[in-house]
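A.B. asks: So the protein lines, in turn, are chains A and B.
Note that the first sequence ends on residue 140 in this note's numbering; no numbers are left out.
Note that the second sequence ends on residue 280 in this note's numbering; no numbers are left out.
If you are wondering where the hints come from, they were derived from the structure by calculation, not from laboratory data.
Heads up, some of the hints might be wrong.
As the list claims (entries may be wrong) - If you want the footprint, here are the derived chain A segments under chain B, 3+ residues with CB under 8 Å:
hint: 1; stretch: 10-20
hint: 2; stretch: 30-37
hint: 3; stretch: 82-93
hint: 4; stretch: 101-110
From the three backbone atoms N, C-alpha and C, an ideal C-beta is built for every residue, glycine too.
The chain contents come next:
There are 2 protein chains.
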Amino acid sequence: MRLTSFTDFGLRVLMRLAAVPGAGASTAELATELGISRNHLAKVVQALARAGYLATRRGGGGGVMLAHAPADIRMGEVVRTLEQGQALVECLAQGPSLCTLDGCCRMKHRLRAAEEAFLAELNRSTLAQIALPRVGATTA
Amino acid sequence: MRLTSFTDFGLRVLMRLAAVPGAGASTAELATELGISRNHLAKVVQALARAGYLATRRGGGGGVMLAHAPADIRMGEVVRTLEQGQALVECLAQGPSLCTLDGCCRMKHRLRAAEEAFLAELNRSTLAQIALPRVGATTA
Numbered sequence: 001m002r003l004t005s006f007t008d009f010g011l012r013v014l015m016r017l018a019a020v021p022g023a024g025a026s027t028a029e030l031a032t033e034l035g036i037s038r039n040h041l042a043k044v045v046q047a048l049a050r051a052g053y054l055a056t057r058r059g060g061g062g063g064v065m066l067a068h069a070p071a072d073i074r075m076g077e078v079v080r081t082l083e084q085g086q087a088l089v090e091c092l093a094q095g096p097s098l099c100t101l102d103g104c105c106r107m108k109h110r111l112r113a114a115e116e117a118f119l120a121e122l123n124r125s126t127l128a129q130i131a132l133p134r135v136g137a138t139t140a
Numbered sequence: 141m142r143l144t145s146f147t148d149f150g151l152r153v154l155m156r157l158a159a160v161p162g163a164g165a166s167t168a169e170l171a172t173e174l175g176i177s178r179n180h181l182a183k184v185v186q187a188l189a190r191a192g193y194l195a196t197r198r199g200g201g202g203g204v205m206l207a208h209a210p211a212d213i214r215m216g217e218v219v220r221t222l223e224q225g226q227a228l229v230e231c232l233a234q235g236p237s238l239c240t241l242d243g244c245c246r247m248k249h250r251l252r253a254a255e256e257a258f259l260a261e262l263n264r265s266t267l268a269q270i271a272l273p274r275v276g277a278t279t280a
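Start from the sequences and build out the full structure, keeping to the hints where you can.
C.D. replies: Written out as structure tokens, the structure is:
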């Protein structure tokens, strides 16, 4: 079972920003600190901003910062957002399925339930609980 | 979140064989019925046999059949077996991690717990509960 590296990177960005919730960071800084290409980082940040997790600021003092308190951000919801469009198996994707068992399969809804159990378990944690330690982070 | 197509195919093979638990099927038959290439099918069958789920018979009346009663096969364990080596995120794979947060990450064990919740939910189902209906299957 795999999450996309897009989701993995998104989680890292949030954990890093939650180290100093009031402070922003530039995508260049984040890319360097997290060892992710600026190109990938920019796409991840864009998705997190679109989903309302990050606020972006342009200009000299620009960058990104958390749009909510870390204690209000549930990790299952974050993963659900970042994994959008990644179906667990082919038949759970949008559009017609190529599976010859489609219509008589009794596994499909069990896989969906398992995916919900996965996200529910992650929803027990908030971003506040997985924030990186402040060490090395710029204080606000 | 994605399962490999290898796992997807393995689940289909088991569901199909469980339709008539006492009867075997050749990999050629299974490949045709399930619309999977014979090459892929052979690899999946091999993995399921190695894990003890299938018994294989050579020769004219040869093929594969379930090695256990479908009611004794838990779907979470099947998925765990078929997904072996597929780490949820890079840092959960064997070997050194490239993640710069390694060592101070508090998300890692939560992801592992979520994966266990996923498998536990699937373990609530046995193969007997998701066997395909007998329609179209050769009776023993």
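A.B. asks: Within the assertion that chain B covers the stretch 10-20 of chain A, do at least three residues meet a Cβ-to-Cβ distance smaller than 8 Å?
C.D. replies: Holds: 4 residues of the stretch 10-20 of chain A have a Cβ under 8 Å from chain B.
A.B. asks: Quick one: see if chain B covers the stretch 82-93 of chain A, three-plus residues with Cβ-Cβ under 8 Å.
C.D. replies: Coverage by chain B holds here, the residue count being 6 at a Cβ distance below 8 Å.
A.B. asks: Can the stretch 101-110 of chain A be counted as covered by chain B under the rule of three residues or more with Cβ-Cβ separation shorter than 8 Å?
C.D. replies: Three-residue rule met by the stretch 101-110 of chain A, so holds; n is 6.
A.B. asks: Under a C-beta cut-off of less than 8 Å, do 3 or more residues of the stretch 30-37 of chain A approach chain B closely enough to confirm the stated coverage?
C.D. replies: Our answer is that it holds, as 3 residues pass the Cβ test (under 8 Å) against chain B, meeting three.
Checked against the numbered hints listed earlier, the structure breaks none of them; every hint is satisfied.
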